[in-house]
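Number of protein chains: 2
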Amino acid sequence: MSDFHVYDTTMRDGAQQEGLNLSVQDKLHIARHLDDLGVGYIEGGWPGSNPKDTEFFALAAKELDLEHATLAAFGATRRPDASAADDGLVAALRESGASVVTLVAKSHDKHVELALRTTLEENLAMVRDTVQHLREEGQRVFVDCEHFFNGYLDNRDYALEVVRTAAEAGAEVVVLCDTNGGMLPHQVGEIVANVMATGARLGIHAHNDTGCAVANSMAAVLAGATHLQGCINGYGERTGNADLVTSVANLELKLGMSVLPEGRLAEATRISHAISEITNYPPSARQPYTGVSSFAHKAGLHASAIRVDPNLYQHIDPALVGNDMRLLVSEMAGRATIELKGKELGYDLTGDPERLARLTDRVKSMEQQGYTFEAADASFELLLAEEMGTRPQYFDIESWRVLAESLPGSLDAISEATVKLRAGGQRLAVIGEGNGPVNALDHALRQAIEQLYPDVARFHLIDFRVRILDQGHGTDAITRVLIETTDGKDSWVTVGVGPNIIEASWQALVDAVTYGLRLHAVTPQTV
Amino acid sequence: MSDFHVYDTTMRDGAQQEGLNLSVQDKLHIARHLDDLGVGYIEGGWPGSNPKDTEFFALAAKELDLEHATLAAFGATRRPDASAADDGLVAALRESGASVVTLVAKSHDKHVELALRTTLEENLAMVRDTVQHLREEGQRVFVDCEHFFNGYLDNRDYALEVVRTAAEAGAEVVVLCDTNGGMLPHQVGEIVANVMATGARLGIHAHNDTGCAVANSMAAVLAGATHLQGCINGYGERTGNADLVTSVANLELKLGMSVLPEGRLAEATRISHAISEITNYPPSARQPYTGVSSFAHKAGLHASAIRVDPNLYQHIDPALVGNDMRLLVSEMAGRATIELKGKELGYDLTGDPERLARLTDRVKSMEQQGYTFEAADASFELLLAEEMGTRPQYFDIESWRVLAESLPGSLDAISEATVKLRAGGQRLAVIGEGNGPVNALDHALRQAIEQLYPDVARFHLIDFRVRILDQGHGTDAITRVLIETTDGKDSWVTVGVGPNIIEASWQALVDAVTYGLRLHAVTPQTV
Chain B
1 MSDFHVYDTT MRDGAQQEGL NLSVQDKLHI ARHLDDLGVG YIEGGWPGSN
51 PKDTEFFALA AKELDLEHAT LAAFGATRRP DASAADDGLV AALRESGASV
101 VTLVAKSHDK HVELALRTTL EENLAMVRDT VQHLREEGQR VFVDCEHFFN
151 GYLDNRDYAL EVVRTAAEAG AEVVVLCDTN GGMLPHQVGE IVANVMATGA
201 RLGIHAHNDT GCAVANSMAA VLAGATHLQG CINGYGERTG NADLVTSVAN
251 LELKLGMSVL PEGRLAEATR ISHAISEITN YPPSARQPYT GVSSFAHKAG
301 LHASAIRVDP NLYQHIDPAL VGNDMRLLVS EMAGRATIEL KGKELGYDLT
351 GDPERLARLT DRVKSMEQQG YTFEAADASF ELLLAEEMGT RPQYFDIESW
401 RVLAESLPGS LDAISEATVK LRAGGQRLAV IGEGNGPVNA LDHALRQAIE
451 QLYPDVARFH LIDFRVRILD QGHGTDAITR VLIETTDGKD SWVTVGVGPN
501 IIEASWQALV DAVTYGLRLH AVTPQTV
Chain D
1 MSDFHVYDTT MRDGAQQEGL NLSVQDKLHI ARHLDDLGVG YIEGGWPGSN
51 PKDTEFFALA AKELDLEHAT LAAFGATRRP DASAADDGLV AALRESGASV
101 VTLVAKSHDK HVELALRTTL EENLAMVRDT VQHLREEGQR VFVDCEHFFN
151 GYLDNRDYAL EVVRTAAEAG AEVVVLCDTN GGMLPHQVGE IVANVMATGA
201 RLGIHAHNDT GCAVANSMAA VLAGATHLQG CINGYGERTG NADLVTSVAN
251 LELKLGMSVL PEGRLAEATR ISHAISEITN YPPSARQPYT GVSSFAHKAG
301 LHASAIRVDP NLYQHIDPAL VGNDMRLLVS EMAGRATIEL KGKELGYDLT
351 GDPERLARLT DRVKSMEQQG YTFEAADASF ELLLAEEMGT RPQYFDIESW
401 RVLAESLPGS LDAISEATVK LRAGGQRLAV IGEGNGPVNA LDHALRQAIE
451 QLYPDVARFH LIDFRVRILD QGHGTDAITR VLIETTDGKD SWVTVGVGPN
501 IIEASWQALV DAVTYGLRLH AVTPQTV
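If you're matching them up, the sequences are chains B and D in order.
Heads up, the first sequence is in UniProt numbering, so the first residue is 1 and it goes up one at a time.
Heads up, the second sequence is in UniProt numbering, so the first residue is 1 and it goes up one at a time.
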């Protein structure tokens with residue numbers, strides 16, 4: 001692997017995307033996924049600018065154990081006419097615990113004058129002082145030159161002076177940012193080639209406003225940049241930042257560079273999808289390399305030629321990025337994956353091709369309805385157990401009902417659930433209350449069986465995710481619910497799907513309780 | 001306007017997108033929109049290959065009255081070892097009534113041998129004969145060289161021979177297709193420049209598999225291509241084709257070319273969205289130039305500078321493509337943003353600093369509870385109106401109730417909602433049913449007020465997004481619901497928040513109906 005920098009800014013610039021909000025826990029999860037992908041640098045946020053980002057760096061220092069990546073803290077050069085040492089935001093960078101600081105600096109003269117409201121000279125001093133100060137304090141410093149390309153076109157000498165000042169003050173990399181995203185690749189290539197003459201190590205930060213974020217990044221690298229910034233799934237303000245996976249895959253697979261640790265690119269599809277579960281932004285089916293449609297062919301005419309040589313019809317082997325070729329007419333994928341997954345869970349299906357085929361058909365048809373087992377191992381294992389005849393039946397549901405209402409004169413809605421079931425030879429009818437309908441159902445179900453199966457008292461729901469599939473059908477759409485449950489030691493994820501969000505949640509709740517009891521090797525009481 | 005060809009293939013190659021299906025009527029509507037945008041050529045489909053496309057050309061000849069565009073029929077070169085005049089599919093092209101025929105020809109030697117299963121010589125004869133035959137019959141002919149770039153890299157002489165053969169036989173344009181989409185712009189630029197030496201007029205047809213479809217198209221044009229193919233909204237197989245609007249906007253606004261009739265580019269956003277209504281693919285908020293987020297700013301820090309000069313923060317004036325600048329009200333937002341946002345919506349808050357401060361506090365405290373206004377302009381506008389005392393009160397809710405239950409012996413859960421309210425001097429109590437609890441509430445609310453306010457019959461929910469905030473609190477967490485509603489012309493997004501998903505949805509539904517009625521200038525009937 002070369003010294004090329006793959007630098008992710010999903011959690012800072014990506015989080016500028018309209019509607020994208022990340023909690024501190026979301027950020028910790030995302031950082032682990034990015035590290036798993038093998039990126040070199042993860043920009044965690046802007047400590048000091050808001051309490052959430054400050055908390056993230058504090059928690060990261062304690063809890064994040066990164067294998068490949070170095071955490072970077074983002075911040076700005078000191079305020080005009082002040083000292084770097086006394087600047088509160090600069091102090092937050094020093095105290096963030098991050099070994100790398102990425103400083104944003106103005107490099108477009110108009111922005112210095114109109115947004116920063118200071119002189120061109122003072123801006124250079126701000127860059128110089130802040131970089132020097134942080135270097136003296138022992139941090140590595142990267143400098144993001146904001147609005148660099150527009151600045152270069154308006155006042156080339158000044159833009160270049162900012163680059164030189166940053167490099168001379170000790171910045172390890174000077175990143176040229178197309179902040180407004182208006183450039184085309186031929187311009188970026190030419191400008192980066194010219195800036196290379198400063199001798200500074202250069203990086204590229206591109207936005208997609210002309211649909212060219214990835215291409216602009218490629219042009220910069222071809223012109224000599226050795227540091228590439230981007231966001232997972234192309235998240236970002238307006239039209240988004242350069243998609244990190246597409247950029248990296250192009251570098252490795254098209255330009256023959258080695259920028260991720262060996263074998264990590266093959267995890268890209270899984271990681272891209274896992275992060276989209278966290279952001280709750282459905283992944284685009286058409287996303288280059290990682291989209292579910294990206295290697296899908298309406299086979300028809302070409303079927304025989306595809307069989308002879310699939311590479312005639314695909315630009316790369318999709319396995320290189322962890323994706324699969326799909327034929328839309330006759331779906332062929334699945335069986336091998338299910339066999340592998342079964343093996344992983346301790347079920348050997350190799351000797352029973354008939355059962356494997358039946359299970360594959362069932363998974364496919366459920367996936368068509370909207371189920372996903374990738375994120376719901378527990379529900380998948382129960383399905384497998386059912387197919388093997390070993391799924392325990394701890395209770396037998398007769399009916400359930402939820403009432404949610406907002407009464408005259410009351411501010412809050414209340415929810416009440418009734419669950420009727422048979423277990424241990426008894427018929428039980430129990431009522432549960434909660435501050436939401438699913439919460440009420442959860443209480444009712446656990447209350448009903450707690451005497452028979454005391455283990456359920458130790459189960460707690462720790463995550464509850466809802467995704468509307470088939471967006472564009474309003475309240476009529478299909479809902480997918482993922483529930484994560486823990487017993488304090490292990491945790492497991494179950495799934496439910498349906499047009500009714502409560503029904504979908506109920507399925508996931510029943511699976512969650514069943515899986516937990518089975519995990520604890522609890523014996524079913526005769527239903 | 002130059003003689004540059006803007007060539008749309010939405011209805012042929014775009015329709016290869018997974019899940020995209022167009023009826024003949026859909027196609028007629030799309031053709032009218034494309035003509036309205038001012039494209040030069042519209043590829044209508046492949047007559048003879050399926051009854052729908054044949055019918056489209058028959059109806060188009062009768063019903064389509066195009067102002068700017070010429071209709072093109074797509075087809076293939078004749079079968080091997082046959083004559084063009086006797087080929088049924090070639091006959092369908094002749095009889096299509098289209099004055100332009102676009103013929104797909106193989107130009108990659110391996111595809112000739114493995115997919116077409118004929119000799120390289122016979123393939124050249126197929127190109128020559130078919131072009132000559134159609135020219136003799138009076139049609140203009142464009143030739144799409146399929147897999148051209150891979151062919152050029154594998155067997156340059158043969159690929160060039162196909163181009164020459166097509167041009168010499170009378171093809172007006174030879175289109176170089178990156179059918180598998182694997183190229184990068186520097187390669188496309190270099191190869192197109194080399195092919196220019198054949199003297200043929202060249203076109204470009206790019207796919208987005210490396211995220212570079214638009215950039216590859218730009219590279220081809222800069223190298224000499226004068227015919228550009230693309231699809232509206234980047235529709236197409238796998239990762240899609242080059243987005244036509246982005247490509248054309250780049251040519252006009254970045255490269256200073258004039259490729260659409262005067263004034264048509266300013267219709268691009270409207271037309272892009274209108275076509276996405278027909279395809280029933282929700283438009284991407286992040287689509288360059290036309291996306292609703294494409295000129296949206298999380299203002300915060302920059303609000304004051306944006307006030308001084310918005311062009312510091314946008315790569316073009318959004319009005320040039322019929323889009324608007326939007327300021328997002330986010331957690332980072334302060335008073336200046338809310339003032340600007342108010343102005344955008346027609347409320348001048350400058351003269352009333354006390355009200356502005358009150359509104360800012362209220363937005364901040366609601367955002368702390370989990371509301372987000374950056375994606376919910378309509379709820380924000382209602383909040384503003386409330387603060388100004390101008391929010392209309394169309395109805396007064398007394399109570400609502402939802403019952404969701406799964407009965408013994410029944411597979412599906414059913415939902416029933418009761419809404420009690422006062423409006424127009426009456427007390428109304430109405431029941432609604434639905435396949436989910438929110439769907440049932442939506443039906444009940446609208447049914448209750450439809451006689452008083454018939455406009456609600458035109459409102460439809462087109463999107464329903466649920467986000468669980470505070471993940472990690474299980475079913476106890478806070479839920480945020482965003483609902484998008486349309487009246488067929490405008491659309492608006494409202495938000496609701498609460499521990500109870502149904503309560504949160506209810507808030508968003510009430511806002512949605514109130515906003516819509518206010519937008520239609522409906523007068524409230526005395527509550």
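Please note that a few of the clues may not be correct.
Note: identical chains are not told apart, hence a pair may lie in one copy or across any two.
Dumping the calculated BS3-like pairs for lysine-lysine here, alpha-carbon to alpha-carbon at most 30 angstroms [claimed, not checked]: (1) LYS420 / LYS254; (2) LYS52 / LYS420; (3) LYS343 / LYS420; (4) LYS341 / LYS52; (5) LYS62 / LYS52; (6) LYS62 / LYS110; (7) LYS341 / LYS364; (8) LYS52 / LYS364; (9) LYS110 / LYS489; (10) LYS341 / LYS110; (11) LYS110 / LYS254; (12) LYS52 / LYS489; (13) LYS341 / LYS62; (14) LYS364 / LYS343; (15) LYS52 / LYS254; (16) LYS110 / LYS420; (17) LYS62 / LYS420; (18) LYS110 / LYS343; (19) LYS254 / LYS62; (20) LYS254 / LYS364; (21) LYS341 / LYS420; (22) LYS62 / LYS343.
Honestly, the hints are just simulated from the structure, not real lab data.
These numbers come from a predicted model, not from an experiment.
Violated hints - listed by number, lowest first: 1, 2, 3, 6, 9, 13, 15, 16, 17, 19, 20, 21, 22
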